[in-house]
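Student: One letter stands for each residue in the lines below.
2 protein chains.
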Amino acid sequence: MTGPLEGIRVLDFTIAQQGPYATLLMADMGAEVIKVEQPGHGEIGRVLAVDRESRVSCYFLAINRGKKSLTVDLKKEKGRELVLRLARDCDVVVHNFRPGVMEKLGLGYDEFRGANPRIIYASASAFGTRGPLGRKPGNDILAQAVSGLVSVTGENDGSHPLPTGVAIADHVGAVTLALGILAALLHRERTGEGQQVEASLLGSMVAAQSWELTHYLVTRQLPGRAGRGHHHLPLLWQVYTTADGYMAIGGLYPHRWPDFCAAIDWPDLAGDERFESLGNRIRNRDELNRLLDGHFARRPAAEWLKRLEAADIFCAPVHDYEQVATDPQNRENEYLVPLRHPQLGDITVVGSPIRFSATPAEIREADPALGQHTDEVLQGFGYSAEEIERLRREGVL
Amino acid sequence: MTGPLEGIRVLDFTIAQQGPYATLLMADMGAEVIKVEQPGHGEIGRVLAVDRESRVSCYFLAINRGKKSLTVDLKKEKGRELVLRLARDCDVVVHNFRPGVMEKLGLGYDEFRGANPRIIYASASAFGTRGPLGRKPGNDILAQAVSGLVSVTGENDGSHPLPTGVAIADHVGAVTLALGILAALLHRERTGEGQQVEASLLGSMVAAQSWELTHYLVTRQLPGRAGRGHHHLPLLWQVYTTADGYMAIGGLYPHRWPDFCAAIDWPDLAGDERFESLGNRIRNRDELNRLLDGHFARRPAAEWLKRLEAADIFCAPVHDYEQVATDPQNRENEYLVPLRHPQLGDITVVGSPIRFSATPAEIREADPALGQHTDEVLQGFGYSAEEIERLRREGVL
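These protein sequence lines map, in sequence, to chains W and Y.
For the first sequence, numbering that gives the first Met the number 0 begins at 0 and goes up steadily by one.
For the second sequence, numbering that gives the first Met the number 0 begins at 0 and goes up steadily by one.
Watch out, some of these pointers could steer you wrong.
Since copy identity is lost for identical chains, a pair holds within one copy or between any two.
Within a straight-line C-alpha distance of at most 30 angstroms, the following computed BS3-like cross-link-like pairs (lysine-lysine) qualify [claimed, not checked]:
hint : residue 1 : residue 2
1    : Lys305    : Lys135
2    : Lys74     : Lys305
3    : Lys305    : Lys77
4    : Lys75     : Lys305
5    : Lys305    : Lys103
6    : Lys103    : Lys75
7    : Lys103    : Lys74
8    : Lys75     : Lys135
9    : Lys77     : Lys103
Because the hints were derived from the structure by calculation, they are not lab data.
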């Protein structure tokens with residue numbers, strides 16, 4: 000069995016995270032992804048977050064495994080001609096250079112469409128290609144900031160606003176871009192028509208806050224920071240402190256308040272008039288959370304979770320990365336999967352988040368060395384060994 | 000021009016956010032989404048985060064606009080037969096009930112495949128359908144907790160771990176699910192084969208941390224909380240305090256350190272030996288950030304941003320929701336779009352994050368009233384007015 004995108008070929012000019020993770024999703028689903036990199040040093044992702052000990056960039060590994068690396072100097076005319084030649088037999092071209100860079104290289108949509116009218120030409124930007132920031136470069140933390148996400152993340156006591164603890168804008172931007180590419184491929188499959196597709200970090204992060212922003216746009220009530228919960232889910236939607244760590248509770252049907260109090264071994268709380276009605280609990284939620292933090296701090300998380308689970312109340316432990324790594328849930332669902340790596344040996348990496356019954360996604364190979372597949376790819380497109388050697392001598396590859 | 004998914008019909012059993020936002024993305028791209036809801040009260044999203052003044056649920060509006068609402072009692076045999084009948088002429092079935100619920104209703108993949116072998120049967124769960132939590136229900140904050148995201152979000156001084164300020168797991172889970180559906184549709188278009196597709200909140204959030212988790216899996220170095228930046232981007236990747244708000248800086252090429260110091264009107268800082276080399280700046284980053292916070296606190300954000308922009312340094316304001324709402328960047332890129340709403344009048348909502356040159360996404364209509372399209376949909380599938388009336392009398396609709 001092969002992935003759902005088997006037979007789809009992607010000519011991939013992407014760098015860093017948003018673009019490369021979009022094509023990683025496609026590679027895991029069976030697409031052939033040909034990563035085009037500058038000869039000599041390759042793309043910036045290769046030197047980001049390099050581990051001191053192994054000299055491996057886990058950043059590059061995590062978002063480029065399963066791709067082929069082809070080196071081409073795009074600033075040389077022969078390099079430009081070469082990628083346009085390859086595009087005749089590809090389905091998708093993707094890049095996330097600063098808006099205007101590909102056009103300046105003579106590699107805009109018009110050139111690729113000229114080479115292959117059926118091509119899907121996908122580009123990702125930081126802030127969108129129109130408007131006052133339409134030519135501005137950017138990255139994850141800037142998109143988190145401009146989109147409003149930073150403003151609602153952090154303790155809700157006037158403390159400093161915070162970014163999310165991982166590069167979430169890059170990730171959401173990547174999945175959104177991949178979604179656009181697949182929609183365009185589906186349209187092409189049904190009509191024969193190619194087109195240009197765009198997504199941005201900012202647009203993806205605005206969409207990620209659809210609910211919360213729509214609430215503001217309709218009510219004009221500025222939300223505070225979400226604190227340990229969510230601004231619009233004020234009750235028992237919260238991360239609490241326990242004796243040995245933290246746990247999350249994910250809401251409670253109002254009629255189950257007495258059950259909750261019994262489950263946490265504090266039945267008298269149900270009779271406390273400050274919390275006796277839903278309205279009172281919402282009004283006095285800060286006091287309630289303070290009391291619960293004190294109460295939960297007396298016993299370890301596992302004990303509370305066992306009691307809450309038994310009462311069928313939404314709850315979960317706050318896992319650190321070590322716990323994520325050992326959680327059988329992640330192994331059994333193949334969210335974490337084994338991979339043999341040429342330098343690192345047998346390691347575990349993050350798998351595809353999508354399960355297909357007929358065409359399973361698959362983690363195929365480690366991240367490619369720079370130019371590892373240059374000869375193989377070009378020969379596959381009909382270049383002879385002599386032509387390849389000549390291009391290499393001319394500094395094109 | 001119509002969207003890339005024009006002609007794709009989705010029978011949508013989803014509730015709350017992850018499932019409904021996945022089908023919203025599809026509706027914006029031109030799919031016909033038929034939302035199947037329980038007669039009488041509809042799905043839970045209709046009563047979440049209802050605005051006191053307008054009585055409108057901005058939650059429901061934000062993630063269900065542009066869909067059709069059909070009421071069917073799935074617990075009645077005739078209701079079950081009806082949706083299986085509709086599925087014969089649909090392309091996709093989607094649900095995000097707790098694993099096992101649809102099967103118990105006699106509406107699992109086998110039944111739908113029996114009705115339509117080409118159907119794409121998509122389901123979303125909280126934690127995946129296998130493993131110890133394979134039958135456990137869950138929601139956004141629990142997935143943020145179990146996936147490790149909460150553990151790395153928050154101040155890095157030993158403070159409390161925090162969820163992201165919006166329902167980010169629901170969003171990432173939704174886009175991931177939609178991606179899986181489109182991949183399966185594309186495969187079906189190319190081969191004729193239908194299949195089952197699954198995504199989960201947990202799997203989507205593990206994938207969202209691909210880089211950061213891979214780093215842990217390879218190095219076994221437990222990251223601290225990201226604080227005001229990112230654990231693996233320790234230098235000048237940070238949200239800073241200014242005289243009138245906050246701003247973000249998104250990294251600096253090491254050789255540009257003197258330019259940065261000049262841009263912030265503090266050229267002497269470049270000569271400070273604590274920060275004179277990249278290694279020193281990383282080692283002394285806490286001290287550097289403390290000094291910069293003090294320095295930036297002297298002037299308003301706009302002034303700093305102007306200076307940093309002029310020096311071509313990655314930076315951005317931390318926008319609150321009011322600033323997001325008025326930012327021309329969001330209007331001009333159609334991240335925020337106008338919508339006429341039957342109760343609210345002319346409002347602004349969040350648009351599609353994807354731009355297609357040939358088949359633009361489009362925000363068509365407001366969120367449907369419960370059962371608003373029951374007659375229209377059923378007539379479109381060949382039911383006569385008499386049949387519909389009879390089903391309604393029998394309590395099926």
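Student: Hint by hint, which ones does the structure fall short of?
Tutor: Violated hints (numbers, rising): 2, 3, 4; every other hint is consistent with the structure.
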